[in-house]
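Novice: The chain contents come next:
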Amino acid sequence: MLEIHDLHAAINGKEILKGINLTIRPGEIHALMGQNGAGKSTLSHVLVGHPAYEVTQGSITFNGKDLLSLKPEERAHEGLFLSFQQPVEIPGVSMVNFMRAALNAKRKYWGQDPMNAADFLKLMREKRKVVELDSKLANRSVNEGFSGGEKKRNEIFQMAMLEPTLSILDETDSGLDVDALRIVAEGFNKLRTSETSALVITHYQRLLDYLRPDIVHVLLNGRIVKTGGPELATDIENRGFDWIKAEIGE
Amino acid sequence: MKSEQQYIDLYTQCEQMITSHSCELMNAPRKEALEDFMHMGFPTRKMERYKYTEVAESFAPDYGLNLNRLDIPVNPYDVFRCDVPNLSTSLYFVVNDMFYSKALPAVQLPEGVEVCSLSEAASRHPERLVNYYAKLARSGKDALVALNTMLAQDGLLIYVPKNVVVERTIQVINILRSDVDLMANRRVLVVLEQGAQARILFCDHAVDHHKFLVNQVVEAYVSDNAHLEMYELEETHSDTTRFSNMFVEQGRYSTFVNNTITLTCGKTRNRIDVAMCEEGAETSLYGCVIADSKQHVDNNTLIDHRAAHCTSNELYKYVLDGSAVGAFAGRVLVRKDAQHTISTENNANLCATREARMYTQPMLEIYADDVKCSHGSTVGQLDEQALFYMRQRGISLEEARMLLKFAFVGQVIDSIALEALRDRLHYLVEKRFRGELHKCEGCKLHK
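Chains A and B, in that order, are what the protein sequence lines are. First residue of the first sequence: 1, per the numbering used here; consecutive thereafter. First residue of the second sequence: 1001, per the numbering used here; consecutive thereafter.
These are calculated hints, taken from the structure and not from any lab test. Note that the Cβ used here is the ideal one computed from N, Cα and C, for glycine as well. Treat each hint with caution, since some may be false.
As the list claims (entries may be wrong) - Here are the simulated DSBU-like pairs of lysine-lysine, each with C-alpha atoms no more than 35 angstroms apart in a straight line:
#1 B:Lys1431 - A:Lys122
#2 B:Lys1046 - A:Lys108
#3 B:Lys1051 - B:Lys1431
#4 A:Lys108 - B:Lys1294
#5 B:Lys1431 - A:Lys136
#6 B:Lys1336 - B:Lys1162
#7 B:Lys1002 - B:Lys1031
#8 A:Lys65 - A:Lys136
#9 B:Lys1162 - B:Lys1102
#10 A:Lys65 - A:Lys14
#11 B:Lys1372 - B:Lys1046
#12 A:Lys136 - B:Lys1046
#13 A:Lys71 - B:Lys1102
#14 A:Lys71 - B:Lys1431
To be verified - Simulated coverage check for chain A against chain B, where a stretch passes if three residues somewhere in it have a Cβ under 8 angstroms from a Cβ of chain B:
#15 20–26
#16 66–73
#17 101–114
If we strip away everything but chain B, and leave its shape as in the complex, we get (with noise of 0.2 angstroms):
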C-alpha cells in the first residue's frame, strides 16, 4: 500500500482544503470515494482489464497538486492557436485540471447548452446534475475512478438540452501547464438529453517539460435519439501519463462515435465503457496509435449490449516503432436479451521493428442466440514486397516506409467524418510518421 499512502495521507490531512475550493455535488461522493480506494488500493497486472499497464508506479513518484487551485499565470487563448484549419470550433481551455473561465470565446452557443466548469453549472442548478455526476463512473468499480473522485476539485461540464443540435464542432483544449512535477485530476461530464446532438473534440498539450500525471474521468450521458460524436486527440510528450478513464450510457435510438488518436505521449491507459441500455442504439469506437521509442498505448474497452437491436463497430489501429509497446483488449459483451445484435470488432497493428510489442485481445462474449459478430486481430511487419516495388520506382526506403504505416492508419482517419478534422489528422498523422511532429504547429506555447 505504499503508493496509495500518500493519496489517502493527502486527502485525510487536506481534506478541508480540498471541499473548501469544491462544490456540494463534487464533496458529496468523496468519502465513499476515500473508502472504495483504501479497500481497493491501486489496480495490478493481476486484474484482466490492467494486466497490459502498471498502475502504482506511476503515481508512486512525488507530484504536485493544485489543491488550492491557484491561478496557473498563463491566458491559452492569447498564446494558444492549434487551429483546424477550416474548421470553426467553439474553443474551451482546460489548464491541467481547471476550466479556463476568464475569457471565454465570443461564440454563441444555441440557448440552454452550458459549456463551462461543473462547480459554476452546479451552483446554478444543483438539481440538474446530482443524478448525473459520478453515477456511471462509480468509485467502486475502479481504483482509479475513486481516486479521481476524492481529489477532482472542478471539471468540465457540456451540457445540450433536449432536441437542441450544437452545429459548431465544440473544441477543448487540455493544456498541462506547470513549474513543478504535477497531477491534474481531470472531470469531464457531457450531457445529452432527448434528441440533441453535439460533435466534442479535445485535445490534449503537454506544455512544460515536468512530469505530469493525468488521471482523468469522463462520464458521458447520451439520451434517447441523441448523437454524440467524440475525438480526442492526444499530442503531449513523453514525460506525460496518462489515465482515462470514460464511460458511456446510451438510450434508444442514439449514437455514440468516439474516436481516440494517440500522436505523442509517454504513457497512456484509456478505457471507455459503453452501456448500450436501451433499443435500437448504435456505437462506433475508432482508434489510432502511432508509437515509438519507449512509449506505451493501452486501449481497453467494453461494449455493454444490454439491449436487443443495437449496434457496434470498434476498429482500432496501432503503428509501432522503437520499442514500443501498444495494448488493445476490447470486449464486446452481448446480453441474454441483446437479441438481433450487430457487432463487428477489428484490431490491426504494424509493428515497425523487433523491439516493438503490440498484446491484442479481442473478446466477444454472447449470450443471446440471434446476433450477428465478428471480432478479429492481426499483427504484422510492413510489407517487404510493396517495400521493393516502390523503390524500384525510385522511392527511398525511408519514403516508402512512411507511405505504407500512412496508409495502414489511413482507414481509422477517413472513418472521421468531420472534412476538415480529417485532412488536419492527415497533415498531422504524416508529420508525425517524419518525425517532424514535436509540437504542434501554430502553438505559440512552444518554444
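One chain only, chain A, in its complex shape (with noise of 0.2 angstroms):
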C-alpha cells in the first residue's frame, strides 16, 4: 500500500529526514515512535504533501502511484488522511460545509455525483456516534472553540467521513485524559476493516494498548533505526530510548 524508499527531507533548508524506508501493507498498523525532533511531524507532513517541506531524494509510492507528484488534496481523494497533532480552527466555516466540500470533492475526484443534502446529513448523524460527537460541536465552525479532546475526537469524525485507506494520527493521544482517549481510540478501531492500515505516531504506551499495533518502529535523527514487534512499545515505555541509542552506537 505505501512505500517509502531513501526518503530525505529538509524545511527551510535543514535536512531532517535522512533516508527513510518504510513499507506498510493492507490492515497492518504501524506505530512509529521516538524522542522529540527526531522527524517524526516532518514525516506524517511529508507524506501529505505539506509545503514547507521539500524532499530532497528518494520516492513514496501510494497504491502504486508516484505520491510526491500528487497534490495534498489529491492524496487525500487517494485514500491518505492525516489526524492532525494540532488540529485548525476555521471561524466561520461551518463543520457541515466543510465535510460537504470535502467529501464531494472526492466523490468528483471519482467521478460519482455530489452527494444530496439529505443523505449528506444522514451521513453526517450516523458518523457523529463513532466519536460520540455531539451536534451541537457539528453545527459549529471547524475547531472553533473546541476542547483539545473535542478536537481530536472530531479528527476522528472526519476520519469516518472520508473512510481514507491510510490514516496517519500525529500524536492524536497528545492532551487528552483517559476517557478521551479511549473515545477516540475506540472510534478509530470501529472503523479499522482489513484493507485499511495506519501510521500512528506516539510517545506514549496507552494508545497503544487500544490500537494494538502490528510493528513498531523508532525513529532516531532522521532514520528508522529500529523495528519490531508490539513488544519494543512496551520496552521503550520502560526504559526510554537511550538503550537503543547506546545499541546503534550513538
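Once you've looked at the hints, go ahead and assemble the two chains, each given alone in its own frame, into the complex.
Specialist: Dropping the structure here:
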C-alpha cells in the first residue's frame, strides 16, 4: 500500500529526514515512536504534501502511484488522511460546509455525483456516533472553541466521514484524558477493516494498548533505527530510548 | 481648476435649462452651491477625508448629462426582475438620476407614506420639504455635495409620517442606462417622522457598457424614536465611478442601521456622516467590500456623538484580490457632553494577493470623560494553516480560499436582520467569490 524508499526531506534548507525506508501493507497498523525532534511529524507532513517541506531525495509510492507528484488534495482523494497533532480552527466555516466540500470533492475526483443534502446530513449523524460527537459541535465552525479532546474526536469523525485507506495519527493521544483517549481509540478501532492501515505517531504506550500495532518503529535523527513487534513499545515505555541509542552506537 | 471649469461653464451656460426642468425646492440653493463649488474646487488628496481617493481625475472626462430630462427608452418593470427570493418588496426604480414614475407598483403603502420624485412631492407639499432639502447636506461642506446641489434636477423622496410602520421593505433599483458616457446626479431624501419605521434597500446596477459617473447625495432624517434600516448593494461594472455622500441626523432614542455592500464596481467612494443629536440614539454601520482587478473602494465615515447615552457600532470588512485598493477611514467623535457613550469600531481586512492594498484608519476622538469606546483594525492574509488543513481533507486550494474569504465576510452579512436578504447576499457573495457574478441573475436587461 505505502512504500517509502530512501526518503530525505528538509525544511528551510535543514535536512530532517535522512533516508527513511518503510513499507505498510493493507490491514497493518504501524507505530512510530521517537523523541521530540526525531522527525516523526516531518514524516507525516511530507506524506500529506505540506508545502513547507522539501523532498530532496527518495520516493514514496501509494497504491502504485507516485505520491510525491500528487497535490495534497489529490493525496486525500487517493485515501490518505492525517489526524493533525494540532487541528486548525477555521472561524466562520461550519463543520457541515467543510465536510460537504471535502466529501464532494472526493466524489468528483472519482467521477461520482455530489451527495444530496438529505443523504449527507444522514451520513453526518451516523458518523458522529463513532466518536460520540455532540450535534452542537457539528453545527459550529470547524474546531472553533472546541476543547483539546473535542478537537481530536473531531479528527476521528472526519476520518469516519472520508473513509481513508491509510490514516496517519500524529500524536492524537497527546493532551487527552483517559476517557477522551478511550473514545478516540475505540472510534478509530470501529473504523478499521482488513483493507485499512494506519501509521500511529505517539510517545506513549497507552494509545497503543488500544490500537494494538503490528509493527513498531523507532525514529532517531531522521532514520528508522529499530523495528520490532508490539513488545518494542513496552520496552520503550519502561526503559526510554537511551538503550536503543547505545545499541546503535550513538 | 481645469476639471472644475467644465462644470462651472456647463452650469452658467445651461442654467435656464437646468432650472426649467426642476422645481423651486431644488432651484433655490443652486446659486449658493455654485459659489461654494467655485470657491472650493474639487477636493484633493491633501484633505483628510479625501486622502485615499482622487476626485478631480474622475470628473475630468466629458460626460453627457441629461439636462433636458429626456425619457430614457426603457421600461424597467418589463425588463428588470432583480428579485430577492422570499422577500416581497415595494419596488421602485431610479433610471440614472430620474425617478421612474410611469408605472408605479401596485403595492399599497400605508397611508401618508410617500415614495416618489422630489419635484412631485415638492409641488404637492412645498412647505414640508423646505426644512429638509439641502439642510443636512450643505454645499459648503463638500464640493461634491455642492456640485450635486448645482446640477441635480430631481430626486427620490421617501417620507414616512409620524408613528407609521412600513412593514414591507422599500426596494429602490438604481439603474444606469445610457447610449453615451453619462454623469448622473442622484439625490435622495429620506424623512422618518417621530416613531416611524422603514427598511430601504438600494440596489445599484449599470446596464450598458458605457462609462458612468454617479455623484449621489443622500439626506436621511431619523426623528425621535424612529427606526431606519438601510442597505446599499452595489453591483455595477468596472467603468462605473460612484461618489456617494450620505448625511444622517438622529433624534432621541432613534435607531439607524446602514449596511453598505460593494460587490462589483470600478471606483467607489462612500461617505457617511451620522449626527447623533439627542439622547439615547443608536447607530450601526456595517460594510462589506469584495474587490479585485483594479477596483478601488473607499468608505469614509463620521459618527458624531453629540448627546449623552448614545450607542454606535461599526464593522467594515474587506476582501481584496488582484491589485484592488481598499480604504477605510472611520472617525468616531465623542463630544464633551456625550457622556455614557458606548462605541465600538472595527475594520478587518484580507489582502489575498501581494498586489492588493488596504489603507485603514480607525479614529476615535473623545472629549467626554465617562464613556466606553473601542476601535481597531487588522489587515491579514489567508490563514496558510487553515488552507492546508482543508486541502488535506480533499478540498482544492481554490475552493479552500473561497471558503475562507466567504467565512471572513460572513460576519457582516450575518448582521443583516432580514433573513431573505441575508440568504440572498450569502448566495451573491459566494457567486462573486467564484467569479460568476458578472450580472445579477433574473435580470433580463443583461444580455
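Novice: Give a verdict on every hint.
Specialist: Hints and how they fare:
At roughly 27 angstroms between alpha-carbon atoms, B:Lys1431 and A:Lys122 fall within 35 angstroms of each other, so this suggested pair holds. This hinted pair does not check out: B:Lys1046 and A:Lys108 have alpha carbons roughly 54 angstroms apart, beyond 35 angstroms. With a CA separation close to 32 angstroms, the supplied pair B:Lys1051 and B:Lys1431 stays within the 35 angstroms bound. Annotation: proposed proximity of A:Lys108 to B:Lys1294 holds, straight-line Cα distance about 34 angstroms (limit 35 angstroms).
Between B:Lys1431 and A:Lys136, the direct Cα distance comes to roughly 28 angstroms. Compliance with the 35 angstroms bound is thereby established for this hinted pair. Distance check on the hinted pair: B:Lys1336 and B:Lys1162 sit about 31 angstroms apart at the alpha-carbon level, within 35 angstroms; holds. The straight-line distance between the Cα atoms of B:Lys1002 and B:Lys1031 is roughly 20 angstroms, inside the 35 angstroms bound, and the hint therefore holds. The straight-line distance between the Cα atoms of A:Lys65 and A:Lys136 is roughly 39 angstroms, outside the 35 angstroms bound, and the hint therefore fails.
Simply put, B:Lys1162 and B:Lys1102 have alpha-carbon atoms about 28 angstroms apart, close enough for the 35 angstroms limit, and the pair holds. For the given pair, A:Lys65 sits about 27 angstroms from A:Lys14 by alpha-carbon distance, which is consistent with the 35 angstroms threshold. Between B:Lys1372 and B:Lys1046 the alpha-carbon distance is near 32 angstroms, which keeps this suggested pair within the 35 angstroms criterion. Only pairs whose Cα atoms come within 35 angstroms are accepted, and A:Lys136 paired with B:Lys1046 is rejected, the gap being roughly 53 angstroms.
For the hint pairing A:Lys71 with B:Lys1102, the CA-to-CA distance comes to about 59 angstroms; that exceeds 35 angstroms, so the pair is violated. Of the supplied pair hints, the one linking A:Lys71 and B:Lys1431 holds, its CA atoms being roughly 26 angstroms apart against a limit of 35 angstroms. Interface restraint, the stretch 20–26 of chain A with chain B: violated (0 residues with C-beta to C-beta distance below 8 angstroms; minimum three). Three residues within the 8 angstroms Cβ limit are the bar, and the stretch 66–73 of chain A against chain B gives 3, so the coverage statement holds.
Here's how the stretch 101–114 of chain A fares: 6 of its residues keep a CB closer than 8 angstroms to some CB of chain B, so the rule of at least three is met and the hint holds.
Of the numbered hints given earlier, the model fails hints 2, 8, 12, 13 and 15; all others are met.
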